[in-house]
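Colleague: Protein chains in written order, with this note's numbering: chain L, 1 to 111; chain A, 1 to 113.
Derived from the structure by calculation, the hints contain no laboratory data.
Predicted, not measured: the structure shown is a model, and the values here were computed from it.
Take the hints with a grain of salt, since some may be wrong.
[As the list claims (entries may be wrong)] Label pairs and their calculated CB-CB ranges:
{"#": "1", "chain 1": "L", "residue 1": "K57", "chain 2": "A", "residue 2": "T59", "range": "29 to 37 Å"}
{"#": "2", "chain 1": "A", "residue 1": "F42", "chain 2": "L", "residue 2": "K71", "range": "42 to 50 Å"}
{"#": "3", "chain 1": "L", "residue 1": "S28", "chain 2": "A", "residue 2": "T59", "range": "43 to 51 Å"}
{"#": "4", "chain 1": "L", "residue 1": "E56", "chain 2": "A", "residue 2": "S80", "range": "45 to 53 Å"}
{"#": "5", "chain 1": "L", "residue 1": "R51", "chain 2": "A", "residue 2": "L27", "range": "41 to 49 Å"}
{"#": "6", "chain 1": "L", "residue 1": "N67", "chain 2": "A", "residue 2": "Q14", "range": "48 to 56 Å"}
{"#": "7", "chain 1": "L", "residue 1": "G16", "chain 2": "A", "residue 2": "N17", "range": "49 to 57 Å"}
Cβ coordinates follow ideal geometry from the N, Cα and C atoms, glycine included.
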Amino acid sequence: GENVEQHPSTLSVQEGDSAVIKCTYSDSASNYFPWYKQELGKRPQLIIDIRSNVGEKKDQRIAVTLNKTAKHFSLHITETQPEDSAVYFCAASITGNQFYFGTGTSLTVIP
Amino acid sequence: DTAVSQTPKYLVTQMGNDKSIKCEQNLGHDTMYWYKQDSKKFLKIMFSYNNKELIINETVPNRFSPKSPDKAHLNLHINSLELGDSAVYFCASSQAEWWGTIYFGEGSWLTVV
């Protein structure tokens, strides 16, 4: 099956700085790449996604980039706030019914 | 209305017992999953069902048996529970179209003592 690697596993930034989380995938058939945010004790929830026919997508302070040739995609959070502190997961999907998750990044935003 | 609901939310049980976790989704999705999240927060897929048929069965002990009576329900039965089974189990669903995303239930915290 698909193998998704995610780095870094932990990330600490000062409030207002940017945070970048990177993922690589192995299966070139993967065509959908969502990102999830999981707050402590809660379920993972979708924050942004990108499809294989798009190179970049932005939603306010969050952006995702995709490089299909290199098989990697990244999450960028600008102007970080304490409420951005959470565990972030990337995922790769083939056809929308097989989702493989990265190992997670624990982001801490220091006020 | 909760889109993906699972019960129970918390479960504490002794080693060797058999337990079940139930999951229901009201999103009309045709694919449902069970994921296990361990203490290191890894989200590992266990099973995936599409229209009641098993499509993914990762390397999981055969003490774990999923059952899907219809496409809105996917239950997980665990026999002979072991300490290492302690984890959070998330049920999820998606629509098998290329733009479909996956929605998670609130999780079931299983502690085996």
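Colleague: With 41 to 49 Å as the target window, see if R51/L and L27/A comply at their CB atoms.
Modeller: 20 Å, violated
Colleague: In this structure, is the beta-carbon distance linking S28/L and T59/A contained in 43 to 51 Å?
Modeller: 24 Å, violated
Colleague: Taking the beta carbons of N67/L and Q14/A, is their distance inside 48 to 56 Å?
Modeller: Because 50 Å falls inside the window, the suggested range holds.
Colleague: Does the Cβ distance between F42/A and K71/L fall inside 42 to 50 Å?
Modeller: Given about 21 Å between the Cβ atoms, the range is violated.
Colleague: Can you tell me whether the CB distance of K57/L to T59/A sits inside 29 to 37 Å?
Modeller: Hint holds: Cβ distance 34 Å, inside 29 to 37 Å.
Colleague: Quick one: are E56/L and S80/A within 45 to 53 Å, going by C-beta?
Modeller: Taking Cβ atoms as reference, E56/L and S80/A lie about 49 Å apart, which means the hint holds.
Colleague: Just to be sure I understand the hint, the distance between the Cβ atoms of G16/L and N17/A should be within 49 to 57 Å; is that true here?
Modeller: 50 Å, holds
Hints 2, 3 and 5 from the list above are not met by this structure, while the remaining hints are.
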